[in-house]
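Spelled out, the chains give:
2 protein chains.
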Amino acid sequence: MRQTLRVLYAEDLTVGECFEIGSWHVTADEIVRFARDWDPVPIHVDEEAAALSPFGGLIASGLHTMAIAVRLGYDNFAGDVAIHAGRAIRELRMLKPVRPAMTLTGSIEIIEQRLRDDGRGVISWRNQLRDDEGNPVLQFVAEVLVNCRNR
Amino acid sequence: MRQTLRVLYAEDLTVGECFEIGSWHVTADEIVRFARDWDPVPIHVDEEAAALSPFGGLIASGLHTMAIAVRLGYDNFAGDVAIHAGRAIRELRMLKPVRPAMTLTGSIEIIEQRLRDDGRGVISWRNQLRDDEGNPVLQFVAEVLVNCRNR
Chain A
1 MRQTLRVLYA EDLTVGECFE IGSWHVTADE IVRFARDWDP VPIHVDEEAA ALSPFGGLIA
61 SGLHTMAIAV RLGYDNFAGD VAIHAGRAIR ELRMLKPVRP AMTLTGSIEI IEQRLRDDGR
121 GVISWRNQLR DDEGNPVLQF VAEVLVNCRN R
Chain B
1001 MRQTLRVLYA EDLTVGECFE IGSWHVTADE IVRFARDWDP VPIHVDEEAA ALSPFGGLIA
1061 SGLHTMAIAV RLGYDNFAGD VAIHAGRAIR ELRMLKPVRP AMTLTGSIEI IEQRLRDDGR
1121 GVISWRNQLR DDEGNPVLQF VAEVLVNCRN R
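Chains A and B, in that order, give the protein sequences. First residue of the first sequence: 1, per the numbering used here; consecutive thereafter. First residue of the second sequence: 1001, per the numbering used here; consecutive thereafter.
One chain only, chain A, in its complex shape (with noise of 0.2 Å):
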């Protein structure tokens, strides 16, 4: 179980504020074993294949490059997070190719706080992961229901 020390509420979301997520170290045998479970092309899975394609060599599933964002933000953020329900995810851009041993900085910045009635929030937030020299790779906006400390 994860232990921690703070909640943070959709009260204490406000719109611009910024959380370093951390790092991911990308290997070619975790490109493989993902893709082969759940988006098994070639490029994905099969080294040789790969080598013959416009990219060059292996590149990882933008739904693993995903996935590690996702994993990142919820160690270092998220968990954190008094969470309802996560609703949506909008402007998913697969900006960069992935490759073998490069590793992944995250963050994760607020745009959108919306307080309701109910005792909920509609927060959104985008999650970023830049590569080794700070070029953002994927990134996307998460829509996710909060709920208030006050209620």
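If a hint is listed, it holds; no wrong ones were tucked in.
Taking beta-carbon pairs under 7 Å as the criterion, some of the chain B residues facing chain A (in silico):
(1) W1038
(2) D1039
(3) G1062
(4) L1063
(5) A1067
(6) R1071
(7) G1086
(8) A1088
(9) I1089
(10) L1092
(11) R1093
(12) M1094
No more than 16 Å apart at the CA atoms, straight line, and that leaves these computed lysine to aspartate or glutamate pairs for EDC-like:
(13) K1096(B) to D1132(B)
(14) K96(A) to E1143(B)
(15) K1096(B) to E143(A)
Calculated from the model, a selection of chain B residues having no Cβ within reach of chain A, i.e. all distances over 10 Å:
(16) R1006
(17) Y1009
(18) T1027
(19) D1029
(20) G1057
(21) R1099
(22) P1100
(23) E1109
(24) R1114
(25) D1131
(26) R1151
Calculated from the structure, these hints are not laboratory results. This structure is a prediction, so every number in the text was calculated from the model and none was measured. Glycine included, C-beta positions come from ideal geometry on N, C-alpha and C.
Keeping the supplied structure of chain A fixed, place chain B upon it in accordance with the hints.
Just chain B, lined up with the frame of chain A:
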């Protein structure tokens, strides 16, 4: 390796065409295993905590449900498409909770076909999963660069 007889090029994917992509039986074990790796929220990984939550029991991570949609889509449609690269996911909506023992059935509808001068087309399709009663539980739009037959 996937063996396939058809290849679908950008010219073939006309707006309004629909493809059935088959069914997937969801289990509690798969819900917990996926979420332990990628989205370890108590409601996805802890039966007891989930039973006490407003949802009354385990529900699948939205990311897991999306992964099921991607896998069904690959096995029954996208694996035949001459995809160059995925570009974006838009309008992902988690419409209803996904619970153990549900069988999800998917479909894909082409909603955008924009052939470009460079031998590729921008193709967007809506991937939707429905529950045993036919109610949508998750949908999203995938925007993909697809090779043209004639380049």
